[in-house]
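Chain order of the listed sequences is A and B. Position 162, counted from 1, in the first sequence is what the working numbering calls 162; the numbers after and before it change by one each time, with no gaps. Position 150, counted from 1, in the second sequence is what the working numbering calls 150; the numbers after and before it change by one each time, with no gaps.
Honestly, the hints are just simulated from the structure, not real lab data. There may be inaccurate statements among the hints.
Because identical chains cannot be distinguished in the list, a pair is counted as satisfied if it fits within a single copy or across any two copies.
[Stated by the list, open to error] Taking lysine-lysine and the DSSO-like style, the derived pairs with C-alpha atoms no more than 30 angstroms apart in a straight line are:
id, residue 1, residue 2
1, Lys147, Lys127
2, Lys24, Lys142
3, Lys127, Lys142
4, Lys127, Lys24
Since the model is a prediction, treat every value here as computed from it, not as a measurement.
2 protein chains.
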Amino acid sequence: MTKTKTPPPRAAADIEEGTAFAPKFDASGLLPVVVTSAATGEVLMLAYMNDEALARTIETGEAQFWSRSRQRLWRKGEESGNTMRVVEMRTDCDQDALWLKVEMGGAEACCHTGRKSCFYRAVPIGKGAAAGVALTFVETEKLFDPKQVYGHARAAKGTLKTLK
Amino acid sequence: MTKTKTPPPRAAADIEEGTAFAPKFDASGLLPVVVTSAATGEVLMLAYMNDEALARTIETGEAQFWSRSRQRLWRKGEESGNTMRVVEMRTDCDQDALWLKVEMGGAEACCHTGRKSCFYRAVPIGKGAAAGVALTFVETEKLFDPKQVYGHARAAKGTLKTLK
């Protein structure tokens, strides 16, 4: 059996305190990406990038992701027009997550339900167990009509969530 | 072989437009959780909860997570004193991610490196490929000394990142 050399693991100090970008993808080859609005600071969505989506985003400045359900590269807004221009990209201490601050195009609605943010419902705290708590809508306004944008059939069948 | 009844899958419309909290844990039983500062809005960290961490957080209002590297429940701040009081918890459209707005205790430093946020380095956009880009420090101030808080030996060995 031939032994092949593997690169030595990077020291934690290098990863955490260095300037070399060394994104650590998970077992599926993905990195979680927090997306916030550069204008308001609110969290718009949590999505995932593979290495290609990351490279394209860095190169073009337009956010691209990996759609886990469709198993393909996904340029945000390719169907809806709700694109994302990256104002700033940050990595975290152990480089296994990213944070994008973005300016939205189109209707400025990130969520496929038509809302600005995907996080439009609150979970009550201190009012009982996780199972059985009732969510509260904190954002109800829809900035576009998913049926118009994605087509009636897909909206009715609930397949829009595959856009995530 | 005895067949057991499995509950029917929830319709997408219920998950996305309903008020029933139905968190969708991944294959490892975890949910990604975006944590932002209630005071400044900045993203502090991305962590993970299992069902127990979620239940305890909802019950107590103090953020608890699942440490993937230690494989145990992790009450944020249990060692450092940098606890997190949950001001608001939100779930996203398909209920497979959470967003916590928190007030921090202690030194108000979320990151084990001593910094306020784990996202203290920026990745340059439009300046070359992902591999090889140099990170820029956007937050350098350390609000506590990791060596003092976690002990010299562990800080030097770089095992602090297992706190994530």
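Okay, the hints, checked on the actual structure:
In this assembly of identical chains, the alpha carbons of Lys147 and Lys127 never lie at most 30 angstroms apart, being 36 angstroms within a copy and 38 angstroms across copies at closest. Within a single copy, Lys24 and Lys142 get their C-alpha atoms only as close as 36 angstroms, which misses the 30 angstroms cut-off; across copies the closest is 24 angstroms, which meets it. For a Cα distance limit of 30 angstroms, the shortest separation of Lys127 from Lys142 inside one copy, 29 angstroms, qualifies, whereas the shortest one across copies, 36 angstroms, does not. For the homomeric pair Lys127 and Lys24, the shortest alpha-carbon distance between copies (20 angstroms) is at most 30 angstroms, but the shortest distance inside one copy (38 angstroms) is not.
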